[in-house]
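**Q** Spelled out, the chains give:
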Amino acid sequence: MFEQVPFNVAVIDRDYNVVEANQNFKDYFGNWKGKKCYSVYKKLENPCNDCPSEEVFKKGRAVVADAVGVDQHGRKTHYVGHVIPIKNKENDHIDFVMEMTRTVTEINRWQQEYQILFDRVPCYITVIGEDFRIVRANEAFRENFGDVLGEHCYKVYKRRETKCRNCPAEKTFKDGEVHHSTQKGIGKRGQDINYQVSTSALMRGSGDVAHVIEISNDITELKKLEHKVIEAERLSAVGQTVAGLAHSIKNILMGLEGGKYIVSLGLKKNSKEMINQGWEMLDRNFDKTTSLVKDFLSFSKGRLPELQLVDPRDLIYEIIDLYKNIAAQSGIELKTEISEKVKTAPLDPAGIHTCLTNLVSNALDACSMGEQKGTEVLLKLYEGRDKLIFEVTDNGSGIDYEIKSKIFTTFFTTKGGAGTGLGLLTTRKIVQEHGGKILVDSQKGKGAMFRMVFPRKRLLALYKETKDKK
Amino acid sequence: MKKKILIIDDEPDVIAYLMAILQANGYETYSNSNVKNGLELLHDIKPDLICLDIMMPHETGLSFYKRFRQNEEFHQIPVIIISGAIESGKFDFRNYVKDDAIKVPEAYLEKPINVDEFIQSVNHLLETKQLHRSSN
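Chains Z and G, in that order, give the protein sequences.
Quick note on my numbering: the first sequence kicks off at 1 and runs consecutively.
Quick note on my numbering: the second sequence kicks off at 471 and runs consecutively.
Keep in mind the hints are simulated off the structure, nothing from the lab.
Think of the CB as a built atom: it goes at the ideal place given N, C-alpha and C, for glycine as much as any other residue.
Keep in mind that the hints are not guaranteed to be accurate.
[To be verified] Pairs of lysine to any residue residues, derived as SDA-like cross-links and limited to a Cα-Cα distance of at most 20 Å, are as follows:
no., chain 1, residue 1, chain 2, residue 2
1, Z, Lys36, Z, Met98
2, Z, Lys260, G, Val585
3, Z, Lys260, G, Asn495
[As the list claims (entries may be wrong)] If you want the footprint, here are the derived chain G segments under chain Z, 3+ residues with CB under 8 Å:
no., region
4, 474-484
5, 490-497
6, 577-585
Next up, chain Z with everything else stripped away, as it sits in the complex (with noise of 0.2 Å):
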């Protein structure tokens, strides 16, 4: 049996004498014969300091004891030794130890493999407990959120007292899959902490989650940078806006120095047809003025739509009354297709009223300024899947890339000094403020089709909320 066993087995005495040992042990560390223990098994000159069989000796009891040794052809090797005691005949004396060894240098060098790549991979790796305490951590987490064994997870992640709401790991603790979030932490300095974090089970042996591995890549920076880029397109924004704004006025500016100016002519020249002329310009200008300082406060104001029960064929006709002579003085044809499935819808009738409004006379503008014939807008009013969809379609001049960017962000106009630069940014403002989103598809010379999609669910819940309020 002595030579059977897998092991490297060898006996020793109280003087460190190799006095026996197996041909396992033999073709692993060398001839032992006449040996010391210390000798053979590290090639050292004196006995080691943590001496295994020296405590079973002492103690009178079974140690085991990892160690790094030297192989018979003088390769460090790591093993780890079970060392019983051997008593004599009246079991009163250990007169011996047997130490029993296995060599465990590959295992042993995977974990360190695993260790270094636990501890250095560039991301947070927490390993926890089914009742959320963090039961291992990497170094970078430690260096970020503090050295936290045996803490609950989300305290020390978000220094919250409860479990976090969705949290991915206890999804994992149920179903066993994967499972990726973005979270908002706080580092052990009260510093945010962005991350990603996806979450993979443990299992037990009869397919049980035992703990839930979390690993998160710190994505602080990229956040940072990402709300650098917001803010500079914002302030961007901004700049045109008032660019916009500013051109706008200039206009209006020059359209009343010049009625001014044939005012004054008129009376000059005693010309009441100049003074009338002039006088008109006036008149329309400061109109102008109006509706462009209306158009401003009604967009900066923020405010829920006054939903009621409509029905939405009646702001397309609408709408078509409005439009039906001056589409046709241009010798554009104006179009619908309502569908029949249409059905009544909370809206703000007065806001729809002034998107499809801005949609239609853009659209208009956009025909009359192709150079194409036979041009026409249509008006399209359908059911999507629970969703009510507008869609205004022309064969104009088309969007080009580069404007349709920006057409919903700024105060943006193709139109000279017709345009006040507010009609889709004021569109887009209302479709929002009902739920639902405006979608822009075209072409520059090829078109446009503008969709505004209102999520039935959305307006309900907007709905009862009005009237809740009421």
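Place chain G on chain Z using the hints.
**A** Same frame as chain Z, but now just chain G:
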């Protein structure tokens, strides 16, 4: 013979204003609210000067400008760009037309215009044109 000036602007009030100034200063005026048939218009009128709103950022005014500057017959006609889009000191035509082969406008005026400055600019450009022509 009175000099002919063509005004192109999408704003009727601007047209009326510029026409009143120019007529009061002894010029013959023509106007159009768009540049759809711009070259034909030049052919019919043969203006001595053009006042053009480039309607920025819409490119229609600019594309017309480029077209007529490349036209053998009309490219010498002086142009005053009148726009509210950019302050006069900051107008750099090359930001809009990067092609060096296309001549920059002879003058740029910001809306609302100063009447004296406008008329001086018109007189000056027409005189220069006259000199240029007689020296040829």
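**Q** Each of the hints needs a verdict: does it hold here or not?
**A** Tested hints:
1. Z:Lys36 <-> Z:Met98: holds (14 Å)
2. Z:Lys260 <-> G:Val585: Holds: lysine 260 (chain Z) and valine 585 (chain G) sit about 12 Å apart, inside 20 Å.
3. Z:Lys260 <-> G:Asn495: holds (17 Å)
4. 474-484: holds (count 5)
5. 490-497: Coverage by chain Z holds for the region 490-497 of chain G (3 residues, Cβ < 8 Å).
6. 577-585: holds (count 5)
Consistency with the previously given hints is maintained throughout, with no hint failing.
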